[in-house]
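There are 2 protein chains.
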Amino acid sequence: MKPVRLAILGLGTVGSGVLQLLQENATEIKRRTGREIQITHVGTRRPRPDLNLEGIQQSDDLFEIVRQPDVDIVVELIGGLHPAHDLILEAIKHGKQVVTANKALLAEEGNALFEAADNNTVQIAYEAAVAGGIPIIKVMREGLAANRIDWLAGIINGTGNFILTEMRDKSRQFKDVLAEAQALGYAEADPTFDVEGIDAAHKLTLLASIAFGIPLQFEKVYTEGISKITAQDVKYAEELGFRIKHLGIARRAENGIELRVHPTLIPEEQPLANVNGVQNAVSVKASAVGQTMYYGPGAGGGPTASAVVADVIDLVRDISYTEDGSGTIPQLAFESLEDIKILKREEMTTAYYLRVNVDDNKGVLADITTILSHCGISIDAIMQQPRLKDRVPVVIMTDPIVESKMDEAIAKIQALPATHGEVTRIRLESLEN
Amino acid sequence: MKPVRLAILGLGTVGSGVLQLLQENATEIKRRTGREIQITHVGTRRPRPDLNLEGIQQSDDLFEIVRQPDVDIVVELIGGLHPAHDLILEAIKHGKQVVTANKALLAEEGNALFEAADNNTVQIAYEAAVAGGIPIIKVMREGLAANRIDWLAGIINGTGNFILTEMRDKSRQFKDVLAEAQALGYAEADPTFDVEGIDAAHKLTLLASIAFGIPLQFEKVYTEGISKITAQDVKYAEELGFRIKHLGIARRAENGIELRVHPTLIPEEQPLANVNGVQNAVSVKASAVGQTMYYGPGAGGGPTASAVVADVIDLVRDISYTEDGSGTIPQLAFESLEDIKILKREEMTTAYYLRVNVDDNKGVLADITTILSHCGISIDAIMQQPRLKDRVPVVIMTDPIVESKMDEAIAKIQALPATHGEVTRIRLESLEN
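The listed protein sequences correspond, in order, to chains A and B.
Take 1 as the starting number for the first sequence in UniProt numbering and just add one per residue.
Take 1 as the starting number for the second sequence in UniProt numbering and just add one per residue.
One chain only, chain A, in its complex shape (with noise of 0.2 Å):
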C-alpha cells in the first residue's frame, strides 16, 4: 500500500512534536500500522532550521495546504478559534481526515463541525483536545461503551491542579503560587482560562457529550474558578479529611444532566485527592464496571503529541481498511445524540462545605442550624474553628441538597447580624460508588 500523507499546520510545541515523534519512531509506528506514513506538507511562518523536513513542502498559506491533493490527513495544531475553524472546514471539504487538538474549537464549534465530517464521510479525531497524552477519549468510547455513564469527575486542567496542591502543601495563598507559576512558565500571562475554569469546561463539554450522546453544549456548563480558594479554607479541608481539587463534573441526574466546572471538597482517600501537580486524571463511574481512573500527563509537546499520533495512527487503519475511511466509530461515541436537558445551576445537588465568620456570640450556631433546617439541609458537622483575630470561623458541612436550597439557606446566614464578610462555598463530593 501507498504511503499516508499528512499535513502538519503549525509548528509550535505541540505539532514539532508531533513531526519528531512520527520521525523518531516511523520503524516502530510502521510495525503496527503496516503501512508508511509521509508527511508532505507542514505549515509555519517562519523557517525552522532545528527541524528535519527533508522532503516535506513548507508554506505559510494553510489554506493551499488543506486543499492540497496530495494530503489525506490534516492535523491542525495553530489553536484558537480562528481561521483552525475555517481550515478544518475546507479540509473537510476537500474530503481529507482530520486531527485536531483543539479543545477550545470542538467545544464552542464542534456540532457543526462534526456534522460537516459525517457529510463528508471523513472524520475529526480529537483525543488530545482532553487531558494531554491519557487516552481518555477512547476509554470513554469505545473501552466503556458496555456501560452507562452515571458520572465522570475529572482533574482537567494542569495549572489548577499545580496552584492547588502548591496551596495545600506549602500553605501558601492563591495569588502568590499563580505568580510563582506565571515566573514558571506553567501558568499564561492571562491566566483567566486555565484558572476561572474555561479550558476545563472545553474539555468537559467534550467529555459528557461522548459519555450521554448528547449534543456539545459549552455554553451551559456552570464554571466557578478557584481564584477565591483560601489556604484557610484549604486547611480546614485537609483537617476534616478532604482535599480541595478543580473537578470537571458531568452527571446524569433524575431530572436531567448536570455539567460543572468548580473548586471541590473531595474525601483524601479517592484516587482523585491523591492527583497532584500538573498531573491530570479522570474517575469514570459507570453501570457495569463501577468507579475506574485515568491518569498521566494532561499537556506538554510529549503527552500531547502522544495522542495527536495515536489518532492519526487510528486513521491510518481506517484508510486502509474501512470502504470509505469513515472508520467504525461514532466520531462522539453515540451513531444518534439525544437532547438530554441540561440542568441550571439552580437544579443542581451537591453536598457542600460553608465557613461563614461570625461574632462570638453562642446565638448564632442555633441561628446558623435554624436557617439550615428550615431550608430542609441536613447538616453532617458543625465545627467551630479557631478564633482568628475577633472573628470565630465556623465551617458546616450538609447533605447532598438542591441548589437553590442552598442559595436561599446562605442569603439568609448572609443576613444575620452575627455575619461578617462574606459566607464562604465550596461543593463537596464524596465520589463514592
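FYI, nobody ran anything at the bench for these hints, they're computed from the structure.
Some hints here could point you the wrong way.
[Claimed, not checked] Pairs of lysine-lysine, DSBU-like flavour, derived with a Cα cap of 30 Å:
| id | chain 1 | residue 1 | chain 2 | residue 2 |
| --- | --- | --- | --- | --- |
| 1 | A | K235 | B | K170 |
| 2 | B | K220 | B | K341 |
| 3 | B | K30 | A | K285 |
| 4 | A | K220 | B | K30 |
| 5 | B | K285 | A | K285 |
| 6 | B | K30 | A | K341 |
| 7 | A | K170 | B | K235 |
| 8 | B | K341 | A | K30 |
| 9 | A | K30 | B | K285 |
[Unchecked claim] Covered by chain B, according to a simulated footprint, are these stretches of chain A (three or more residues, beta-carbon under 8 Å):
| id | stretch |
| --- | --- |
| 10 | 26-40 |
| 11 | 127-139 |
| 12 | 289-300 |
| 13 | 306-319 |
| 14 | 328-337 |
Only a predicted model underlies this, so the values are computations on that prediction, with no experimental measurement involved.
Virtual Cβ for every residue (Gly too), placed ideally from N, Cα, C.
Guided by the hints, dock chain B onto chain A, whose structure is given.
Leaving out everything else, chain B in the frame of chain A:
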C-alpha cells in the same frame, strides 16, 4: 442492518453478567452501534430460571453451538484450557468472531489461536482477560500506539493485593490474611494461581506481547509469589517510605526484555503504591507520553462483563463497517511480531531490599558491605533494626544490579558465620520516568 448474533458459552458469574448487561443496556448499546445484538444461543449445563432466556436456544453441547450458522460472535466464558481451546478453534474454523476472558488459555496457547484467527479472517478479542473492567488492552494497543513502550508495571491480581493491603493496614501475617480471604470467598481453596503469581504471569504475558510486539511467551516469565512476605518486612519497608506490592513487570532493557512477577518495594508516593484492596492498576512508561496509570476493579461479574461487551461492540462495528469483519487493528497490536530476546532471571537488573538477621557483632556490617562492594553492588542505605530476640535484623537497600551479581553476594552473605536463617531478598523499583 440485521442483528448481529451472539452465542454465550458458560453462564457463570461473568456469563450471566454479560447476558444481563446486554439485556439491561440494550437501548443505549444500540444507540452506540446502530445495530441490534441478538443472543441466539447459550451454552449451559443446567436450567437457569433466574435469567431471562426467552427466545434463546439453550444447549449443553457447546461444540454444536459454535458450529451454528445463526451465530456471528462466540463469547467463551467457561475458562480453563480444555475444552475452551478446541471450542475457540472450532468457532474460528466456522468463521465466527471470538470474545474470551480466558487469560490462561491465551497466555499458554494464544500464538496458535491468534494465527488460526488471522488465517480465517476473524478476531479473538480479549479485553476481559487482563485487569477486568480496566480497558488496558485497548489503551496499550491503540491509545498509546504512537509510543515506544519502555516498561509497564501492574497490580493485576486482586486477591494478592487484598492480602498485601491487609498485611500492611493491620500488621497481620500472610497466612492469617489468606485464611480470612478464603473464608470470605476472595481467595480460592487452592490459592496457588493467585498468591504464587501464575494468574498475574498469564496477564503479564498478554500485556508484554502488545507492548513490545513479541509472541506470547508465558513460559519465560520469571514468577515469584507473595507467600514468603512477612509482616516484619512490610513494616520495615513502610518505615523507609515504601510499600510492598505484587507486581507484574515487563521492561525493555538494553540486551532484551524482562518479564517478571514478584513482590516489589515501590516508593509510597507512586500512584501504584496507593492501589489498595482488590483493585487493579497498571502503570505504563512510554517514550512520548511518559507515565500514565489505569485503575479500577480487576475482577467480578460486572467489571468483567463490561470488558466482554465492549469487545462485542467493537466486533459489531467491525462486522458492520470493515470489508471482511476482521477489523482495523492487529490482534496483538503489531502487524508483525518480533523475536526479541527474553532475559533469564540472572540477566535481569533491579534494585534490592535485603534483610539479614545477624549476631549483634560489630564486625558483621563491615563483612556485608565488603561482600556487596566486591560484587560491584552500590549500597543506597544500610540500617540496623531494633533487636528481635537474640538477633539483629540488618536492612540494606541497593542500587540496581544484574541479578547474577546479587546471587553471588547473597550466597556469600549467607555463608557468613554471623548470618542466621535465610537472607530475605525483595526487589525494589523506583518506577520513575
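Against the structure, the hints:
no. : hint              : verdict
1   : A/K235 <-> B/K170 : holds, 29 Å
2   : B/K220 <-> B/K341 : holds, 10 Å
3   : B/K30 <-> A/K285  : holds, 20 Å
4   : A/K220 <-> B/K30  : holds, 27 Å
5   : B/K285 <-> A/K285 : holds, 25 Å
6   : B/K30 <-> A/K341  : holds, 21 Å
7   : A/K170 <-> B/K235 : holds, 29 Å
8   : B/K341 <-> A/K30  : holds, 21 Å
9   : A/K30 <-> B/K285  : holds, 20 Å
10  : 26-40             : holds (count 6)
11  : 127-139           : holds (count 7)
12  : 289-300           : holds (count 9)
13  : 306-319           : holds (count 10)
14  : 328-337           : holds (count 7)
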